[in-house]
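**Student:** Next come the chains, spelled out residue by residue.
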Amino acid sequence: MAFATEMESRNLQKRHRKARQFRRLCALVTWSSIFLLAVLLGQVAADGLSWLDWQFLDSFPSRFPERAGIKSALVGTLWLSVLVALISIPVGVSSALYLEEFASRGRLSKLIELNIANLSGVPSIVYGILGLAIFVRFFMLERSLIAGALTMSLLILPTIIIASREAIRTVPMSIRYAALSLGATRWQTTWAHVLPASFPGIMTGVILALSRSIGETAPLILIGALSFVAFLPQGPMDSFTALPIQIYNWISRPQTEFHDLAAAGIIVLLAVLLLMNATAIYIRNKTERRLK
Amino acid sequence: MNAPHGANQHPQGEVVLDLRDVSVLYSGKPAVKKVSCQIFKNHITSIIGPSGCGKSTLLRSLNRMNDFVDGVSIEGELLFYGENLYGKDVDPVEVRRHIGMVFQKPNPFHKSIYNNVSWGPSINGYNGSMDELVERSLSQAALWEEVKDRLHDSALNLSGGQQQRLCIARALAMQPQVLLMDEPCSALDPISTAHIEDLLFELKARYTIVIVTHNMQQAARVSDYTAFMETGHLVEFGETDQIFTHPNVKRTEEYVTGRFG
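Line by line, the protein sequences give chains A and B. Take 1 as the starting number for the first sequence in this note's numbering and just add one per residue. Take 1 as the starting number for the second sequence in this note's numbering and just add one per residue.
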């Protein structure tokens with residue numbers, strides 16, 4: 001090479017080699033996890049697809065596998081996720097806005113921040129115990145949808161708050177100063193500029209959190225979601241079941257037909273998740289584009 | 001907070017802002033030390049001095065933008081038409097409606113050009129014709145001709161110099177009595193800078209302007225009065241010609257002739 005000495009070019013080759021090796025390592029890790037996931041999904045599809053039909057979606061659970069379906073669980077999950085979204089998004093986003101935009105940065109706010117981070121790591125069963133004690137027993141909400149939704153909201157609030165705070169923090173201070181220098185109040189600044197600018201990021205956090213809540217089983221079992229429900233909930237005070245509970249129930253039966261039913265249930269659960277995420281991403285991209 | 005007419009008459013014109021021994025402290029540490037000077041109506045006053053001398057801090061204390069910095073405190077009196085800006089019953093939000101600000105880097109809202117200008121007046125209950133106000137403000141900021149056909153495009157598609165003029169238009173739309181400018185040209189190229197300097201001359205007729213600048217030629221070109229600050233002290237304040245041609249203080253002379261800083 002004309003513009004490199006012998007030693008330099010050897011050194012350069014070495015660095016290129018290292019870069020290639022690192023890239024191969026990353027690709028290997030990525031593809032092996034995708035492979036594992038594919039195997040898992042393939043297994044589920046092989047077991048469940050043959051059971052998946054309209055009758056399966058439109059039937060209540062039954063002692064007889066060929067007549068069993070997930071209607072009540074599917075409707076329960078939809079109810080639950082709508083209620084959880086209605087409770088956790090306003091509470092979580094307001095908390096994040098308060099902590100970022102209004103609260104003074106003192107020792108107390110640091111303590112709260114640490115606690116929220118900690119709470120996001122608490123096992124979900126603990127939230128179930130909490131929900132059982134507070135919502136089911138103390139507020140006497142019984143084994144209702146609303147008790148389940150409140151418990152799930154508690155579970156995902158830390159995630160929503162942390163993600164929303166991160167999103168709010170990425171809004172440059174200069175935008176806030178611009179608004180404030182025009183004689184805007186803190187609230188006007190937040191509502192008109194900070195919230196819209198952080199909305200896409202907040203949505204991402206909310207999507208992840210809601211997806212988690214759909215898959216959670218443990219807290220629902222604890223607060224007493226039923227596993228054999230032959231009716232549809234008519235309101236938030238009715239008792240209910242949800243997809244993961246129904247799947248868990250089928251898996252724990254001895255007959256293999258029920259195991260296949262569980263696989264079909266997993267496919268439905270995945271489809272619901274995918275649909276929700278797709279909707280949320282669509283909303284996010286739309287608002288993101290509008291902001292630009 | 002309207003001006004009682006005839007108050008504070010001064011040979012050089014009406015006094016808009018009267019600083020009396022103003023100190024600004026960050027958690028007890030003074031960044032601005034006992035500054036006293038007067039800002040005259042319909043004149044441009046520039047604040048010059050080396051980096052970290054406290055000139056931006058002083059500027060931000062004039063419309064209480066320092067309130068958002070943790071641990072900041074103010075000593076002394078800062079009178080706006082005779083009323084203390086830091087008085088107990090003064091609402092800082094109200095102060096900023098009368099004393100506008102343009103920042104170092106253009107910071108347009110992520111909205112359309114039109115909405116950038118109209119947002120301030122609309123939240124403050126402006127009930128005249130918004131279209132007229134937007135046109136007038138953009139014209140005053142010498143931007144109207146360039147953007148009149150794309151008022152509803154995003155402000156972020158404008159060039160840096162246009163964005164800064166949009167920020168000026170946004171501040172003017174509030175019809176402020178004073179316009180504070182914190183190094184408004186430091187992020188701009190020479191042509192955009194010249195645009196803004198020309199603009200300042202025109203704005204002087206309607207507004208009182210205080211401009212912080214790193215660029216001494218700029219201070220000499222645009223301002224009527226110049227304040228030279230160093231390490232938080234106001235070293236010298238006077239008419240720009242005098243400061244740049246025969247300053248009274250040796251430090252000022254050394255600074256403006258480029259022997260240090």
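Among these hints, one or two may not hold up.
[As the list claims (entries may be wrong)] Okay, derived cross-link-like pairs now, EDC-like style, lysine to aspartate or glutamate, Cα gap no bigger than 20 Å in a straight line:
#: 1; chain 1: B; residue 1: 41; chain 2: B; residue 2: 202
#: 2; chain 1: A; residue 1: 71; chain 2: A; residue 2: 288
#: 3; chain 1: A; residue 1: 110; chain 2: B; residue 2: 70
#: 4; chain 1: B; residue 1: 111; chain 2: B; residue 2: 131
#: 5; chain 1: A; residue 1: 286; chain 2: B; residue 2: 70
#: 6; chain 1: B; residue 1: 111; chain 2: A; residue 2: 288
#: 7; chain 1: B; residue 1: 33; chain 2: B; residue 2: 14
#: 8; chain 1: B; residue 1: 148; chain 2: B; residue 2: 135
#: 9; chain 1: B; residue 1: 204; chain 2: B; residue 2: 153
Keep in mind that the hints were calculated from the coordinates and are not lab data.
**Student:** Hints first: check each against the structure and report whether it holds.
**Tutor:** Do the hints match the structure? See the list:
no.	hint	in the structure
1	41(B) - 202(B)	holds (14 Å)
2	71(A) - 288(A)	violated (36 Å)
3	110(A) - 70(B)	holds (15 Å)
4	111(B) - 131(B)	holds (16 Å)
5	286(A) - 70(B)	violated (37 Å)
6	111(B) - 288(A)	holds (12 Å)
7	33(B) - 14(B)	violated (25 Å)
8	148(B) - 135(B)	holds (8 Å)
9	204(B) - 153(B)	violated (30 Å)
The structure fails hints 2, 5, 7, 9 (numbered hints given earlier, in ascending order).
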